[in-house]
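Student: What follows is each chain in one-letter form.
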Amino acid sequence: MDLTSTIAYAGLAVAALLCLWRVLRGPTIAERMVGLDLLVLVVVSGIGVDIVRQGESVNVDVLVVASLLAFVGTSLTARFIEGLGSDDG
Amino acid sequence: MGDAVAAALLAVGTFLVVASAVGVNRFDDVFCRMHAATKAATLGVILISLAAALRVDGNTVPKLVLVIVLQLLTAPLGAHLLGRAAHGRGELSPRTVLDELADADPPDGRG
Numbered sequence: 001m002d003l004t005s006t007i008a009y010a011g012l013a014v015a016a017l018l019c020l021w022r023v024l025r026g027p028t029i030a031e032r033m034v035g036l037d038l039l040v041l042v043v044v045s046g047i048g049v050d051i052v053r054q055g056e057s058v059n060v061d062v063l064v065v066a067s068l069l070a071f072v073g074t075s076l077t078a079r080f081i082e083g084l085g086s087d088d089g
Numbered sequence: 001m002g003d004a005v006a007a008a009l010l011a012v013g014t015f016l017v018v019a020s021a022v023g024v025n026r027f028d029d030v031f032c033r034m035h036a037a038t039k040a041a042t043l044g045v046i047l048i049s050l051a052a053a054l055r056v057d058g059n060t061v062p063k064l065v066l067v068i069v070l071q072l073l074t075a076p077l078g079a080h081l082l083g084r085a086a087h088g089r090g091e092l093s094p095r096t097v098l099d100e101l102a103d104a105d106p107p108d109g110r111g
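Taken in sequence, the protein lines are chains A and B. Using the working numbering, the letters of the first sequence map in sequence onto residues 1 to 89. Using the working numbering, the letters of the second sequence map in sequence onto residues 1 to 111.
What the hints contain is simulated information worked out from the structure, not anything from laboratory work. Just so it is clear, CB atoms sit at the ideal spot from N, CA and C, and this is done for glycine as well. Take the hints with a grain of salt, since some may be wrong.
Quick list of in silico lysine to aspartate or glutamate cross-link-like pairs, EDC-like style, CA-CA up to 20 Å [unchecked claim]: (1) B/K39 - B/D29; (2) B/K63 - A/D61; (3) B/K63 - A/E56; (4) B/K39 - B/D28; (5) B/K63 - A/D2.
Reference listing, derived: stretches of chain B covered by chain A, where coverage requires no fewer than 3 residues with Cβ under 8 Å from a Cβ of chain A [stated by the list, open to error]: (6) 2-9; (7) 18-28; (8) 31-39; (9) 55-69; (10) 72-81; (11) 97-104.
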């Protein structure tokens, strides 16, 4: 279990860097938001890996809240994009 | 036995999340990237939650089921909202071959 979770942590670190690269590159707001959304999912996965590794359940509440926050951020950004004009962003 | 299954679920789930992060960088426009980010990452988070459910005590399992249900509900909703907004701004790749929403919602920034 230790080996598997260490490999999982390494993979998730690479995934988080790839998401950050997408957020930095853009080029549009929607694409940055896709990257941020996936970054939150990577964080949720990391907390899940920690739960598996420790066998403790204290962080499960954080898991629920983080996965909800991703949705709130995405829908707010979608509303924001719809309100923009066609020449900016 | 349970630990071995949890380790296998963890490995597959992590692979899916990493694969979707690769897809977000490799694909062409926002719609293809959403395709990678929602489907693969949702299944990855579900598998990791199942692995966690095998490792914690029974009282915590309903919360992990809640995580899975919320993920299944919110990922398509968020992707739909974002895709609709991006389509209204005409953020399609020039290599797009079929745009079935073009009649209802022309992708020229007027939507």
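Student: For every hint, state whether the structure bears it out.
Tutor: Against the structure, the hints:
no.: 1; hint: B/K39 - B/D29; verdict: holds, 16 Å
no.: 2; hint: B/K63 - A/D61; verdict: holds, 8 Å
no.: 3; hint: B/K63 - A/E56; verdict: holds, 13 Å
no.: 4; hint: B/K39 - B/D28; verdict: holds, 17 Å
no.: 5; hint: B/K63 - A/D2; verdict: violated, 24 Å
no.: 6; hint: 2-9; verdict: holds (count 3)
no.: 7; hint: 18-28; verdict: holds (count 6)
no.: 8; hint: 31-39; verdict: holds (count 3)
no.: 9; hint: 55-69; verdict: holds (count 9)
no.: 10; hint: 72-81; verdict: holds (count 6)
no.: 11; hint: 97-104; verdict: violated (count 0)
Checked against the numbered hints listed earlier, the structure breaks hints 5 and 11; every other hint is satisfied.
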